[in-house]
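A.B. asks: This note's numbering applies: residue 1 is where the sequence shown begins, and numbers increase by one.
Worth flagging that the hints you see were computed from the coordinates, not collected in a lab.
Treat the hints with caution; some may be incorrect.
Claimed, not checked - Heads up, simulated DSBU-like pairs for lysine-lysine below, C-alpha to C-alpha not over 35 Å straight-line:
no., residue 1, residue 2
1, 329, 318
2, 318, 304
3, 318, 140
4, 307, 264
5, 307, 318
6, 463, 511
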Amino acid sequence: MRTNRLFIPLRLKFILFFSLVITVPLLLTGMLTYRQYMDQVERDANLYTGQIAGQMVNSIDRYYREMERLTAAPYYDPSAMEILRGHSGARSGSFVPFEEINKMSLLISSLASDRSEIQNILVFTPDGVLFTNTDNAVQKTWEPEATPWMTEVAAADGAIVAIPPHSAKYYISGERTVISLARVIRDPQTHRHLGIIKIDLTQRGFASVFGIEEYRPGTVILISDATGGSLYASGQSPETAGAPDRQLFLTAEQASPLSGMVVKVLVPEADLKKNAQSLVRYTLIVSAAALVLAFLLSGLLTAKLTKPIRHLSAVMRKVQRGELRERAKVTTRDEIGLLTEGFNTMVAELDRLVHQVYESELRDKEAQLSALEAQINPHFIYNTLESINLKALEQGSMELSEAVVSLGRLLRYNVDRSERLVRLEDELQFAEAYLRIQSFRLGDQLSMDIHSDFSLEACLLPKLILQPLVENAIEHGMQERPLHICIRAYSVEEDLVVEVADDGAGLPVGKQEELRGMLREPRTLERRAGSFGRRVKGFALRNVNERLRLLYGQPYGLDFNENEQGGASFRIRIPLQWEEGQYAQNSAGGG
Numbered sequence: 001m002r003t004n005r006l007f008i009p010l011r012l013k014f015i016l017f018f019s020l021v022i023t024v025p026l027l028l029t030g031m032l033t034y035r036q037y038m039d040q041v042e043r044d045a046n047l048y049t050g051q052i053a054g055q056m057v058n059s060i061d062r063y064y065r066e067m068e069r070l071t072a073a074p075y076y077d078p079s080a081m082e083i084l085r086g087h088s089g090a091r092s093g094s095f096v097p098f099e100e101i102n103k104m105s106l107l108i109s110s111l112a113s114d115r116s117e118i119q120n121i122l123v124f125t126p127d128g129v130l131f132t133n134t135d136n137a138v139q140k141t142w143e144p145e146a147t148p149w150m151t152e153v154a155a156a157d158g159a160i161v162a163i164p165p166h167s168a169k170y171y172i173s174g175e176r177t178v179i180s181l182a183r184v185i186r187d188p189q190t191h192r193h194l195g196i197i198k199i200d201l202t203q204r205g206f207a208s209v210f211g212i213e214e215y216r217p218g219t220v221i222l223i224s225d226a227t228g229g230s231l232y233a234s235g236q237s238p239e240t241a242g243a244p245d246r247q248l249f250l251t252a253e254q255a256s257p258l259s260g261m262v263v264k265v266l267v268p269e270a271d272l273k274k275n276a277q278s279l280v281r282y283t284l285i286v287s288a289a290a291l292v293l294a295f296l297l298s299g300l301l302t303a304k305l306t307k308p309i310r311h312l313s314a315v316m317r318k319v320q321r322g323e324l325r326e327r328a329k330v331t332t333r334d335e336i337g338l339l340t341e342g343f344n345t346m347v348a349e350l351d352r353l354v355h356q357v358y359e360s361e362l363r364d365k366e367a368q369l370s371a372l373e374a375q376i377n378p379h380f381i382y383n384t385l386e387s388i389n390l391k392a393l394e395q396g397s398m399e400l401s402e403a404v405v406s407l408g409r410l411l412r413y414n415v416d417r418s419e420r421l422v423r424l425e426d427e428l429q430f431a432e433a434y435l436r437i438q439s440f441r442l443g444d445q446l447s448m449d450i451h452s453d454f455s456l457e458a459c460l461l462p463k464l465i466l467q468p469l470v471e472n473a474i475e476h477g478m479q480e481r482p483l484h485i486c487i488r489a490y491s492v493e494e495d496l497v498v499e500v501a502d503d504g505a506g507l508p509v510g511k512q513e514e515l516r517g518m519l520r521e522p523r524t525l526e527r528r529a530g531s532f533g534r535r536v537k538g539f540a541l542r543n544v545n546e547r548l549r550l551l552y553g554q555p556y557g558l559d560f561n562e563n564e565q566g567g568a569s570f571r572i573r574i575p576l577q578w579e580e581g582q583y584a585q586n587s588a589g590g591g
């Protein structure tokens, strides 16, 4: 009975509901995330720039100590110290023996080994001689006017001095701009000036020593010496570039207590904001929490909305199992309510049509079978077959005689019996006769094996229920090698199981799924194409299944499996029913 209650579409209900549940958490998440974003970016920016400056100072101090050890190497070589003492006098431009050049070259070469950042190592003696490990690239002597940096190195009195980028004129190929580290070499005993050891680094080599190129693009690193002279600059600072807005860079500055060098790091704020990973994690956590909250609210609030749908789905599953008398309750006045009403109407009509069509076609098939049986004169056929059998025996053809006898058994079984339930013994004998006829036709290509518990021979089962299974095994299982068919009858609890198995070719995967789907279909009988007697493949197995379902109901019927050795196996399962019960069933059917 219809009412005049307001019709509210289900879609509108969900739109209103999800708008409320999702919008509120997302608004809260957005506000909290923005506040956390600003705080986190500021903290990360200051921490990052300070860490870079500290790492650079540590790298400078570590390299400074290494250069101190490297430039002190001549003190530990007596030959080198003796050579330097010999050149500690006034500038003379005297000839340098090859032996001295060779010894100093070997010493300097050992110092530069595995140092890709070092362009050259040189030793300047007071008398104007220049020792190096690259004789072909550097001049043999030096001039005071070309080395103004010596004054600062001499004033350091043995400490390492960082020399800012300057022009080195002692290279044969021409002037080169280098960054250098230099210190004075003095006689340990007399403290007399023996020379200056100088290490030339290229701009690229200097940057590689401190890992400057490894930092993110856009970061500006400035390194200056203790006097403020620029040693290295990876880019232009806002001051030198004339940038109007100095707030675009975050700055950190730190001095080395060992070498006196000062490191200044400038990091663009935009890069830090872009790569704030901690902020991303925080945003994800907040978003995930908001989604969890949305799902929880959705689950609670939609439970009532989806209850009619769940009820309708449960009823549909029962109808799918064949319970066509089930009906769903109409509890809402929306699309689900209209759908439920339509579903109930459809199921009722389907139940009526299934019974009407099924019973009609069943009667048609019974009438056709009876008409076919009535058309043949049984006695004429029996006498003819008996004559053929006698003729075969006279000619000594035992195979032909056996085939004729088997054919006679088939006909007697089909024509002489009007009952629809027969003994298991008779049905197995009929199947054996059918297989013997097929063996006569196929020869050694077909063999059979029948096993049955003698205590089950009086069990009743539907007539002509095994022949379609045997015929199917021969039709689909034959291949180049011989086919063996095994029929077994046994009991499982209170049920009778008859299995027809073969070791043939089996069915392809697609055919197996099609067959299983056909056996699962609702109880409907397919119409045969054309006149009676023309067969449509595949329907014989389903008709066997439907006959069993009609007589015994669920869960009885026919099922299909593959054999482990190959081939297929069909099993009929029905409740145990003995011969004494046949009369009661026939009487009930006649009433």
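A.B. asks: Compare the structure with each hint and give your call.
C.D. replies: Hints, one by one, checked against the model:
no. : hint        : in the structure
1   : 329 <-> 318 : holds, 14 Å
2   : 318 <-> 304 : holds, 22 Å
3   : 318 <-> 140 : violated, 105 Å
4   : 307 <-> 264 : violated, 68 Å
5   : 307 <-> 318 : holds, 17 Å
6   : 463 <-> 511 : holds, 27 Å
Violated hints for the displayed structure, listed by number in ascending order: 3, 4.
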